[in-house]
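Produce the complete structure using the sequences and hints provided.
Residue numbers (the UniProt record's numbering): 1 to 541.
Honestly, I wouldn't trust all of these hints.
With a cut-off of at most 20 Å between alpha-carbon atoms, the simulated DMTMM-like pairs for lysine to aspartate or glutamate come out as follows [unchecked claim]:
#1 Lys324 x Asp197
#2 Lys67 x Glu19
#3 Lys493 x Glu514
#4 Lys124 x Glu141
#5 Lys493 x Asp396
#6 Lys124 x Asp140
#7 Lys30 x Asp132
#8 Lys331 x Asp309
To be clear, the hints were calculated from the coordinates, so they are not data collected in a lab. Bear in mind that the values here come from a model prediction, so they are computed numbers and not experimental data.
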Amino acid sequence: MPSSTASSATDADSGSETEIPQLAALFLVKFDQRVGYTIAWKRASVDVALDGAVEFKSLPSGLHTVKHDLIYFLHEGYAGLSAFVNAPASEAQRNANFVAVGALVALSYGRLGRSWLLAPRLQKIAGALARDSDATVLLDEFWDEQSKPHAQGSISKLDTPKGHSRARALSTLTAVVPTEQSLPPYHPALAILESIDTFGPLVFRLQQAALLRKRILFVGSPPVKSTCEFVFNLSLLATIPHSVSELLPPGTDSLVRLRSLFSIGIHDIPLLEKFKSSEGATVEDELPSEGWVACTTDEIMATKKQLYDVVVELPPTYDAQPSKRRWPTMKTSDGTLLRASQRDVWRYRLLQRELWKVRHQREEENGHADNDEQAALLSPGNTTDNDDGSNESYDDTVAEPMNLSRLAYLGFMWWASAGERDAYTTAEHEHDRELLGDLSDFTASNGLHTAIIAYFHRTTSSLMTQLAGLVEAADDEDEDEEDDEQGVLRIGKDDISRLGLDTWSEADKAFLQEMLWTYFGRRAEVHSASIECCGLRIPVF
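The structure is reproduced here in structure tokens:
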């Protein structure tokens, strides 16, 4: 694979880049009592259809329940951002005035064309137009400023903190000193901690589905901005790092990153059908990948099971206080519940401890206590360390329960040889700790966000490196075998453990088999393993 494949896919997502993208289109959407949503003002410097499409993408279902929102979407090969405002109005207007000011920018700037840099201006204009519908001069002024190519030395930029002037990709940011970096306001990666808190241990199962390039659909209610950020961050966490992309065989370039569709609705069903059949999928040519991740407020989309592989249902209370929070539900299109493994629970609790340490350190440096509602979720009381990796705070809708084999094994090892059990478990825990590292080093304003991204990229790099090693070792061993035996990898319990997976989880076993087939075109047999203790063999599965 050319070395530029992964880097070019991430360079445009620069976290420190502050150049506001050139507008391809700008438009105003208003609600008309007689005909519904209409485009009341528009300008475009490219040949792109606006009427009959962007007004629905700019105002997803249920948006009337919130006062304001930001909606990210794609439209005809362009990244779109809409700023929505719900302002008070007269009884003749049903006491509400819905206004959305949207813009399109080229996807050559990255996953979202750096459209988040437009958010403050779009919100300001939308607010003004919600109060005075005749204030379209603001749109004219903005269009004149940003629709023309920027002359050398007169590029519009945001005010940014001091630091490195050279723009860096997030994939590059994670490899440098965190205190030197700062993400601009509204950057979706700033919501990475919210994503971690929202999904809990399920974040690792989500990453697995994304690595397998499944078609993943988040279903929830407004505000839409948060779910669009979930889409962005999942795609980011599931990107194959450049450091290991060259280990993949030829023909896997399209798997380097996951296609991000952001906010979609029933009007996008024909597009999703094309993606499924891989015919006419030209909207995302600059983001070559299999599968996609998107979000919707149209609950009917969840009933179109032929369109997606995995659906994630976000409860209305996902952003509530920890004591009242409900976890999202993750299912396959056939209704199978997807849950975190017990090792995922352990890794999540380890991550919680590190995040709490960072917050506690910041409190001490600032000389005051942190009253953030999330502090309760990340408090030491929720991060006790059980050697078996279990955690009673997660019910069986979130975490896989212990199977009988594991319970029998743990009980026997407790009776026969607790020291041997601890040695095996400790090796896994040390591996997981090493991958996470010490997040307390990342105490700059938002260096922590890039540290979290770096952690997930390290887990992917470790997984891919070891999978490539297994394939190479199997090829060396198969040279003298019969043709009908060629190509089938035999994976044991120790291999699963070294890969960072749960040796007791059937879901992790299936994930391993599918990863080897998806990225290396190799079939795998995961054989039952056993641990011998006191002359007895204890089966793993």
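Point to revise | Hints breached by this structure | key: The structure conflicts with hints 2 and 5, although it agrees with all the remaining ones.
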